[in-house]
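Asks: Dock chain B against chain A, hints included.
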Amino acid sequence: MTYLEGRAGVPKGAGLEVGVLVGDAVQVSTVTTSLADVASSDAALRAFLHGLPGVDRVGADQRAAMLGTRSIKTTAKAQAIDLAISMVDLTTLEGADTAGKVRAMCAKAVRPGGEAPSVAAVCVYPDLVAVAAEALTGTGIKIASVATAFPSGRSSLDVKVAETAQAVASGADEIDMVIDRGAFLSGHYLKVYEEIVAVKAACGPAHLKVILETGELSTYDNVRRASWLAMLAGADFIKTSTGKVSPAATPPVTMIMLEAVRDFRAATGRQVGVKPAGGIRTTKDAIKNLVLVNETAGDDWLSPEWFRLGASSLLNDLLMQREKLTTGRYAGPDHFTLD
Amino acid sequence: MSRLSVRKTYKLYIGGAFPRSESGRSYPVTSAKGEFLANASLASRKDARDAVVAARKAFAGWSGATPYNRGQILYRVAEMLEGRRAQFADELGGGKRAALERVDAAIDRLVWYAGWSDKVAAVLGAANPVAGPYLNLSTPEPGGVIAIVAPADPLLGLVSVVAPAIVTGNTCVVVASESAPLPAITFSEVLATSDLPGGVVNVLTGRQAELAPWLAAHMDVNGLDLTGVADADLTLTCEQAAAENLKRVTRPVDEDWTADPGVGRMARFLETKTVWHPIGV
Chain A
1 MTYLEGRAGV PKGAGLEVGV LVGDAVQVST VTTSLADVAS SDAALRAFLH GLPGVDRVGA
61 DQRAAMLGTR SIKTTAKAQA IDLAISMVDL TTLEGADTAG KVRAMCAKAV RPGGEAPSVA
121 AVCVYPDLVA VAAEALTGTG IKIASVATAF PSGRSSLDVK VAETAQAVAS GADEIDMVID
181 RGAFLSGHYL KVYEEIVAVK AACGPAHLKV ILETGELSTY DNVRRASWLA MLAGADFIKT
241 STGKVSPAAT PPVTMIMLEA VRDFRAATGR QVGVKPAGGI RTTKDAIKNL VLVNETAGDD
301 WLSPEWFRLG ASSLLNDLLM QREKLTTGRY AGPDHFTLD
Chain B
1 MSRLSVRKTY KLYIGGAFPR SESGRSYPVT SAKGEFLANA SLASRKDARD AVVAARKAFA
61 GWSGATPYNR GQILYRVAEM LEGRRAQFAD ELGGGKRAAL ERVDAAIDRL VWYAGWSDKV
121 AAVLGAANPV AGPYLNLSTP EPGGVIAIVA PADPLLGLVS VVAPAIVTGN TCVVVASESA
181 PLPAITFSEV LATSDLPGGV VNVLTGRQAE LAPWLAAHMD VNGLDLTGVA DADLTLTCEQ
241 AAAENLKRVT RPVDEDWTAD PGVGRMARFL ETKTVWHPIG V
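Note that the protein sequences, when read in sequence, are chains A and B. Quick note on numbering: full-length UniProt numbering labels position 234 of the first sequence as 234, and the sequence is numbered without any gaps. Quick note on numbering: full-length UniProt numbering labels position 153 of the second sequence as 153, and the sequence is numbered without any gaps.
What you were told as hints is all true, and nothing was included just to trick you.
Computed, partial: chain A to chain B, Cβ under 10 Å:
1) E323
2) T327
3) G328
4) R329
5) Y330
6) G332
7) D334
8) H335
Dumping the calculated DSS-like pairs for lysine-lysine here, alpha-carbon to alpha-carbon at most 25 Å:
9) B/K57 - A/K324
10) B/K46 - A/K284
11) A/K73 - A/K284
12) B/K96 - B/K33
13) A/K244 - B/K57
14) B/K46 - B/K57
15) B/K46 - A/K73
16) A/K284 - B/K57
17) B/K46 - A/K77
18) B/K119 - B/K273
19) B/K33 - B/K8
20) B/K46 - A/K324
21) B/K57 - B/K11
Over 12 Å on every C-beta distance to chain A, these chain B residues come out as not near it, computed from the model:
22) T9
23) T30
24) R85
25) E141
26) L234
27) T274
28) W276
Keep in mind that the hints were calculated from the coordinates and are not lab data. Where a beta carbon is used, it is the ideal one built from N, C-alpha and C, also for glycine.
Just chain A, same shape as in the assembly (with noise of 0.2 Å):
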């Protein structure tokens, strides 16, 4: 049962019906509001947003901890590293990023290492798009770049949406958009809506990944109104995090967002992939996000479609986390390519 469904009265997928806090008691149904009038003004949307129930904190972090002790061994992790492999999201976003750079990472997106599969896709900055499509043509590896003044997302609307339709025209697949923090915090979500809307329109036939930043959203609750707000904006992916700051892609903020695209394709029909990125560097890690996906959103997220993990430096340790399942010995990383 999601935190939506089994309250009195409401048909699934036809509306919602929001608890408001007055005084100690919850008072059901003042507001109902249909998910398509959601966005009719600023009022409507903060009312939805904040009639969200909220997550209890203690229990998510507990709950996030506890599902992070599964133990996965053998030909469980084995199958594990290689679902684990085919869901990453290869990226480099420095500065010092170059075309021979992108080029060699392609190269490695393609052929991890021994018979590891190919990764979902290469993230790169919108410049060297044109690099990874010429790189990875008819490799079936989609191509992925960030966009809208990533990371601080600090720009003028015309600015995100001309460097999205710039990023497309080059070969972009995937447009990994952040949002604007400053408006969401300051309680503008429409504004945050919008240009949402305006990004998504001008992404095309590209899927959308709407970067929520969640080491900025500062509490759980807003990472549910931000994945709810990106969501009914119209993103194809929610995402944690650009990776440019600390704390990413934490357990809990992950589960969250998964509850969040469950309850949303429970109240839709529409269902949305998720991406967490950022601080995701062992395999240990990766395995406890797919535990996370399978016991919070269901096995339909358990492939490359609808979760991705934003990585660098995880795919070298899980080519050596199964070279370790392979060949019975701890292998070193001078062993495999730098990155």
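Replies: Quick look at chain B alone, frame taken from chain A:
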């Protein structure tokens, strides 16, 4: 009212910290006469893996320190050991006088190797005469992470295999003597209080047969010192596993630890880098 004494829990020494074995296991350690002394941690292969990670992490800093600085730190280890002479003599057991002599020999061994830190390059390196307009220099460089199976002699033997490995800039993972591991852990306390960066020496206590093959096969270990391995089959297994990434291997030898050690043990885990530099153009 009589006071309850606070007894020490013997743990592992990994990355400058004293964790219990991740496996939670321990084994009883007895004196030469068969009296129970204490429980020591029984390290697992995952502890060995963690120790190698810690040693690798410490390598850049330790090998990048100046030889002079490494010598100073080794000398500091000797100072700290000197301050705990009586404690080590107690822990070694046997005759009081003989035990003190062993501790003194271990301290002297550390000082001896400390002195070698900035001299070993002059002895093992060279300015080579070559037939061409080049300045040709060979310099010894540390090999990396060294896995050491320490000999049965619990303190002097341990110091005699660890000091030469680290004085040249290597970092190491040591499997302490299986039957007498307690002085090795007390020695770790000495290391932890003498400016030696965490991770340069990592000490595991447990079964040689359980730990050595994993370390020998580990692809992130660059050298293997089997000095303390008594079992010929285990030696063979380890040597074969070590061949996979061409580790430098020291075979088990029955050494007299009181004799002059020479530079052999330092030279074993060094790689020679030769540079050709054009001159006179």
